[in-house]
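Q: Listed here are the chains, written in short residue letters.
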Amino acid sequence: MFILKYIKEVYSGLKSLVVGLRRTLYYFSHHKEIITQQYPDNRDTLVFPDRFKGEVVMVHDDKNEHACTGCTACELACPNATIKIITKFDITPEGKKKKAIDKFVYHLELCTMCNLCVVACPTDAIKMAQTFEHSVYNRAELTKILNKPDSKIRDGVE
Amino acid sequence: MVEEIGSTADGNIILNVGPQHPATHGVLHLVITINGETIQKVEPHLGYIHRSIEKMCESLTYRQFIYVTSRMDYLSSHINNHACALCVEKGLQIEVPLRAQVIRVLMDELTRIASHELWWGAMAMDLGAFTPFFHAFREREAINDIMEETCGARLTMNYMVPGGVMQDIHPNFQKRVKEFIALFKSKVSEYNELVTGNIIFQNRMKGVGNLSAADAISFGCTGPTARGSGVSCDIRKLYPYEIYDTINFEEILETEGDSFARYMVRVREMSQSISIIEQLIDNIPEGDFQAKTKAVLKLPKGEFYQRVETARGDFGVYIVSEGGTTPYRIKFRSPGFSNLSALDHMARGSKLGDLVAMMGTLDLVIPDIDR
Numbered sequence: 015m016f017i018l019k020y021i022k023e024v025y026s027g028l029k030s031l032v033v034g035l036r037r038t039l040y041y042f043s044h045h046k047e048i049i050t051q052q053y054p055d056n057r058d059t060l061v062f063p064d065r066f067k068g069e070v071v072m073v074h075d076d077k078n079e080h081a082c083t084g085c086t087a088c089e090l091a092c093p094n095a096t097i098k099i100i101t102k103f104d105i106t107p108e109g110k111k112k113k114a115i116d117k118f119v120y121h122l123e124l125c126t127m128c129n130l131c132v133v134a135c136p137t138d139a140i141k142m143a144q145t146f147e148h149s150v151y152n153r154a155e156l157t158k159i160l161n162k163p164d165s166k167i168r169d170g171v172e
Numbered sequence: 014m015v016e017e018i019g020s021t022a023d024g025n026i027i028l029n030v031g032p033q034h035p036a037t038h039g040v041l042h043l044v045i046t047i048n049g050e051t052i053q054k055v056e057p058h059l060g061y062i063h064r065s066i067e068k069m070c071e072s073l074t075y076r077q078f079i080y081v082t083s084r085m086d087y088l089s090s091h092i093n094n095h096a097c098a099l100c101v102e103k104g105l106q107i108e109v110p111l112r113a114q115v116i117r118v119l120m121d122e123l124t125r126i127a128s129h130e131l132w133w134g135a136m137a138m139d140l141g142a143f144t145p146f147f148h149a150f151r152e153r154e155a156i157n158d159i160m161e162e163t164c165g166a167r168l169t170m171n172y173m174v175p176g177g178v179m180q181d182i183h184p185n186f187q188k189r190v191k192e193f194i195a196l197f198k199s200k201v202s203e204y205n206e207l208v209t210g211n212i213i214f215q216n217r218m219k220g221v222g223n224l225s226a227a228d229a230i231s232f233g234c235t236g237p238t239a240r241g242s243g244v245s246c247d248i249r250k251l252y253p254y255e256i257y258d259t260i261n262f263e264e265i266l267e268t269e270g271d272s273f274a275r276y277m278v279r280v281r282e283m284s285q286s287i288s289i290i291e292q293l294i295d296n297i298p299e300g301d302f303q304a305k306t307k308a309v310l311k312l313p314k315g316e317f318y319q320r321v322e323t324a325r326g327d328f329g330v331y332i333v334s335e336g337g338t339t340p341y342r343i344k345f346r347s348p349g350f351s352n353l354s355a356l357d358h359m360a361r362g363s364k365l366g367d368l369v370a371m372m373g374t375l376d377l378v379i380p381d382i383d384r
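Protein chains in written order, with this note's numbering: chain A, 15 to 172; chain B, 14 to 384.
Hints in this document: simulated from the structure, not taken from any laboratory. Since this is a predicted model, take the numbers as computed values, not measurements. Some hints here could point you the wrong way.
Said to hold, decoys possible - The list that follows gives simulated cross-link-like pairs (lysine-lysine, PhoX-like), each with its CA atoms no further than 20 Å apart: (1) B:Lys-103 x B:Lys-364; (2) A:Lys-166 x A:Lys-117; (3) B:Lys-219 x A:Lys-29; (4) A:Lys-22 x B:Lys-219; (5) A:Lys-46 x B:Lys-219; (6) A:Lys-102 x A:Lys-117; (7) B:Lys-305 x B:Lys-68; (8) A:Lys-158 x A:Lys-110; (9) A:Lys-112 x A:Lys-166; (10) A:Lys-19 x B:Lys-103; (11) A:Lys-77 x A:Lys-117.
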């Protein structure tokens, strides 16, 4: 009786190994089911979803105008002090002083892509970009100024 | 504190596993006392990845601190964020719209599947089988793609905010989830063919790492670790949050209490999560995805506690508020820490080679233990 049980166990054990190996052989002969992406080679064809959180950018239109009023809502919403807004005072044609951004400093090295600044922005001036290859040789390059040179606030944005 | 090197007076050898060891899945340091091949004592040393998250949270507002919890149990980051959001909502007494609740539960269950998939692959890899790891990641990749499309990130989503979810679901969400369900169902038989039925796997798992129901309770084990010993501890059933009390699902229980029972609990839980998703995916109600909240959240003075069921067990958030914009004190109850404490009890008297199998079935995520 003992020997019979032993042989039975050996047989079922071998069978389970063959069943598993069959799966391996199946994929060995079915190349089309392999979904591996050859990453650096397919860089040109990579498509990212619109919501992918890569880095914060400021939206500029064709006339080099943005919608940032310098209200610092994003600065307050950020958990890591990633954003620092330096404001200046512009003189309007009527002779009044008006607050505007001088520099929108963004520290990519501190950013955790939590999206809280984009949600907090009342004028949709910033958004998340789909870039993801952020490596640089010098750490200072990660500190970015998001408003483009000579850009100004779009008319009508308060 | 024991000696970390050498041998003890009675001829036992002290062996270090980790902190840099592939089988510990992170920087876990185990000081093991062995007599020949037999384990006498296992002593985990923690602190290698301590980031003082609880202290950090004290300087962050109630909107900001949620993202930090994604960095604890990074495999169930959605569920961690969910617990924090629920706790803040409890304090503010915000009514979350039904649509947001359904989206949250869907995301939770997708996360649970993704977490168990990764565990399944890593578990088999611990025992020397490398192929299952890739098979598990193939299905997990499908979930990650869904997450990427709706939440914008693959691992640390920060999608749950107090009052609901950050953005509405992507228009493709329902279609993609249905595709995933079909994919998962066609592939789940592979899991049993490759690993569950395998004779080598069964011999290494059955009767190894026994944990009785009484011990599981006394060590504070929760989640699949305790359910493998027959302890009913599913927070979704016992203390239902969101819409879990209206969903039809069963709590998976195995009574053997060995490594194989814990393995089976997790494998069966994946199918259970799929059935929850199937019930909800066509019934996402219309409405707001976020309740109207004030710009600055201030919790009233008091103490608030909320527990949820993550992929590893009972995760609790305890907030003490002084009435300000930042919490006075935050405590996280992480399931991994309690589950790890049972390892010494499980491993005593068994062979050194089985330790990796036991550790695998505990499903340890070290940043969750250390915080």
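Q: Each hint needs a verdict: does it hold in this structure or not?
A: Verification of the hints:
| no. | hint | in the structure |
| --- | --- | --- |
| 1 | B:Lys-103 x B:Lys-364 | violated, 47 Å |
| 2 | A:Lys-166 x A:Lys-117 | holds, 11 Å |
| 3 | B:Lys-219 x A:Lys-29 | holds, 19 Å |
| 4 | A:Lys-22 x B:Lys-219 | holds, 18 Å |
| 5 | A:Lys-46 x B:Lys-219 | violated, 37 Å |
| 6 | A:Lys-102 x A:Lys-117 | holds, 9 Å |
| 7 | B:Lys-305 x B:Lys-68 | violated, 29 Å |
| 8 | A:Lys-158 x A:Lys-110 | violated, 30 Å |
| 9 | A:Lys-112 x A:Lys-166 | holds, 12 Å |
| 10 | A:Lys-19 x B:Lys-103 | violated, 60 Å |
| 11 | A:Lys-77 x A:Lys-117 | holds, 18 Å |
In the structure shown, a violation is registered for the earlier hints numbered 1, 5, 7, 8, 10, in ascending order.
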